[in-house]
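Asker: Sequence:
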Amino acid sequence: MQIFLGIVVVALSLLCWGGQTLVCFAPATGAKLGLSEREADVEPTFWADVRGEALWDVLTLWTLVVAGVLLIIGHRAWPYFGLVGGGMYVYFAGRGIFTRVTMMRRGLRIGTPQGAKVALAFLAISGVTGLVTIVAAIAALPVS
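Quick note, the sequence shown lines up with residues 17 to 160 if you use the working numbering.
Possibly wrong hints are sitting among the right ones.
[Claimed, not checked] Here are the computed distance ranges between Cβ atoms for each label pair:
#	residue 1	residue 2	range
1	Phe41	Arg121	30 to 36 Å
2	Ile23	Trp72	24 to 30 Å
3	Ser160	Ala44	48 to 54 Å
4	Ile154	Ala42	19 to 25 Å
5	Leu124	Leu157	17 to 23 Å
Because the hints were derived from the structure by calculation, they are not lab data. Glycine included, every Cβ here is placed at the ideal spot set by N, Cα and C.
The task is simple: from the sequences and hints, build the whole structure.
Answerer: In C-alpha coordinates, the structure reads:
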(Lines of atoms letter the chains of each structure in order from A and count residues from 1; the text may use other names and numbers.)
(Lines give C-alpha, C1' and ligand atoms only; values in the text may rest on other atoms or scores of the structure.)
Protein backbone atom coordinates (compact mmCIF):
# COMPACT_ATOMS: atom_id res chain seq x y z
CA MET A 1 0.00 0.00 0.00
CA GLN A 2 2.88 2.35 0.84
CA ILE A 3 4.44 1.94 -2.62
CA PHE A 4 1.07 2.43 -4.33
CA LEU A 5 0.37 5.63 -2.36
CA GLY A 6 3.88 6.85 -3.14
CA ILE A 7 3.38 6.26 -6.87
CA VAL A 8 0.04 8.10 -6.81
CA VAL A 9 1.57 11.02 -4.89
CA VAL A 10 4.54 11.22 -7.29
CA ALA A 11 2.31 11.03 -10.37
CA LEU A 12 -0.18 13.67 -9.24
CA SER A 13 2.41 16.00 -7.75
CA LEU A 14 4.64 15.75 -10.85
CA LEU A 15 1.62 16.65 -12.97
CA CYS A 16 1.06 19.76 -10.85
CA TRP A 17 4.69 20.79 -10.29
CA GLY A 18 5.73 19.87 -13.83
CA GLY A 19 2.76 21.70 -15.29
CA GLN A 20 3.51 24.82 -13.29
CA THR A 21 7.18 24.60 -14.31
CA LEU A 22 6.19 24.48 -17.98
CA VAL A 23 3.70 27.33 -17.56
CA CYS A 24 6.35 29.40 -15.74
CA PHE A 25 9.13 29.01 -18.29
CA ALA A 26 7.15 28.39 -21.49
CA PRO A 27 3.69 29.97 -21.06
CA ALA A 28 2.74 29.65 -24.75
CA THR A 29 3.52 25.93 -24.70
CA GLY A 30 1.60 25.54 -21.44
CA ALA A 31 -1.42 27.22 -23.05
CA LYS A 32 -1.17 25.00 -26.14
CA LEU A 33 -1.19 21.92 -23.90
CA GLY A 34 -4.19 23.25 -21.97
CA LEU A 35 -2.25 23.79 -18.75
CA SER A 36 -3.08 27.50 -18.70
CA GLU A 37 -5.07 30.07 -20.59
CA ARG A 38 -3.75 32.21 -23.42
CA GLU A 39 -2.80 35.73 -22.40
CA ALA A 40 -5.33 37.16 -24.87
CA ASP A 41 -8.18 35.27 -23.15
CA VAL A 42 -7.69 36.67 -19.64
CA GLU A 43 -7.57 39.95 -17.75
CA PRO A 44 -4.05 41.48 -17.57
CA THR A 45 -4.13 41.33 -13.76
CA PHE A 46 -5.07 37.64 -13.80
CA TRP A 47 -2.27 36.96 -16.29
CA ALA A 48 0.27 38.69 -14.03
CA ASP A 49 -1.06 36.86 -10.97
CA VAL A 50 -0.79 33.40 -12.52
CA ARG A 51 2.73 34.18 -13.82
CA GLY A 52 3.87 35.01 -10.29
CA GLU A 53 1.95 32.06 -8.89
CA ALA A 54 3.63 29.69 -11.37
CA LEU A 55 7.11 30.86 -10.36
CA TRP A 56 6.32 30.47 -6.66
CA ASP A 57 4.86 27.01 -7.31
CA VAL A 58 8.04 25.94 -9.13
CA LEU A 59 10.01 26.92 -6.04
CA THR A 60 7.73 25.22 -3.49
CA LEU A 61 5.63 22.39 -4.91
CA TRP A 62 8.59 20.02 -5.43
CA THR A 63 8.25 19.04 -1.76
CA LEU A 64 5.35 16.68 -2.42
CA VAL A 65 7.22 15.00 -5.28
CA VAL A 66 10.08 14.33 -2.87
CA ALA A 67 7.63 13.03 -0.24
CA GLY A 68 6.24 10.53 -2.74
CA VAL A 69 9.71 9.31 -3.75
CA LEU A 70 10.74 8.96 -0.11
CA LEU A 71 7.51 7.06 0.59
CA ILE A 72 8.22 4.63 -2.27
CA ILE A 73 11.72 3.86 -1.00
CA GLY A 74 10.54 3.68 2.61
CA HIS A 75 12.68 6.53 3.91
CA ARG A 76 11.79 7.67 7.42
CA ALA A 77 11.85 11.37 6.42
CA TRP A 78 8.88 11.05 4.09
CA PRO A 79 6.23 12.14 6.63
CA TYR A 80 7.97 15.47 7.17
CA PHE A 81 8.13 16.19 3.45
CA GLY A 82 4.54 14.92 3.25
CA LEU A 83 3.35 17.40 5.86
CA VAL A 84 5.11 20.36 4.22
CA GLY A 85 4.29 19.30 0.66
CA GLY A 86 0.71 18.39 1.52
CA GLY A 87 0.24 21.76 3.17
CA MET A 88 1.65 23.52 0.12
CA TYR A 89 -0.77 21.66 -2.16
CA VAL A 90 -3.77 22.41 0.06
CA TYR A 91 -2.79 26.09 0.02
CA PHE A 92 -2.16 26.02 -3.75
CA ALA A 93 -5.57 24.46 -4.38
CA GLY A 94 -7.52 26.65 -1.98
CA ARG A 95 -6.01 29.88 -3.21
CA GLY A 96 -6.51 28.89 -6.83
CA ILE A 97 -10.12 27.84 -6.36
CA PHE A 98 -11.19 30.85 -4.28
CA THR A 99 -9.38 33.33 -6.52
CA ARG A 100 -10.91 31.92 -9.71
CA VAL A 101 -14.43 31.68 -8.28
CA THR A 102 -14.24 35.25 -6.95
CA MET A 103 -12.98 36.57 -10.28
CA MET A 104 -15.67 34.69 -12.22
CA ARG A 105 -18.39 36.06 -9.94
CA ARG A 106 -17.11 39.58 -10.58
CA GLY A 107 -17.25 39.02 -14.32
CA LEU A 108 -13.50 39.09 -14.88
CA ARG A 109 -12.09 37.18 -17.85
CA ILE A 110 -10.07 34.24 -16.57
CA GLY A 111 -10.25 32.17 -19.73
CA THR A 112 -12.82 30.03 -21.43
CA PRO A 113 -15.65 28.49 -19.37
CA GLN A 114 -14.32 25.01 -20.21
CA GLY A 115 -10.79 26.03 -19.20
CA ALA A 116 -12.06 27.38 -15.88
CA LYS A 117 -13.88 24.10 -15.16
CA VAL A 118 -10.75 22.09 -15.94
CA ALA A 119 -8.64 24.38 -13.73
CA LEU A 120 -11.09 24.07 -10.82
CA ALA A 121 -11.20 20.27 -11.15
CA PHE A 122 -7.41 20.07 -11.31
CA LEU A 123 -7.07 22.33 -8.28
CA ALA A 124 -9.57 20.21 -6.34
CA ILE A 125 -7.59 17.05 -7.16
CA SER A 126 -4.40 18.77 -6.00
CA GLY A 127 -6.06 19.81 -2.74
CA VAL A 128 -7.37 16.31 -2.05
CA THR A 129 -3.92 14.89 -2.82
CA GLY A 130 -2.43 17.29 -0.28
CA LEU A 131 -5.02 16.39 2.38
CA VAL A 132 -4.61 12.64 1.89
CA THR A 133 -0.83 13.01 2.09
CA ILE A 134 -1.10 15.03 5.32
CA VAL A 135 -3.32 12.38 6.92
CA ALA A 136 -0.98 9.56 5.82
CA ALA A 137 2.06 11.52 7.04
CA ILE A 138 0.51 12.13 10.45
CA ALA A 139 -0.32 8.43 10.73
CA ALA A 140 3.29 7.55 9.83
CA LEU A 141 4.95 9.88 12.34
CA PRO A 142 6.78 8.05 15.11
CA VAL A 143 4.97 7.97 18.44
CA SER A 144 7.12 8.90 21.40
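Asker: Which of the numbered hints above does this structure break?
Answerer: 4, 5
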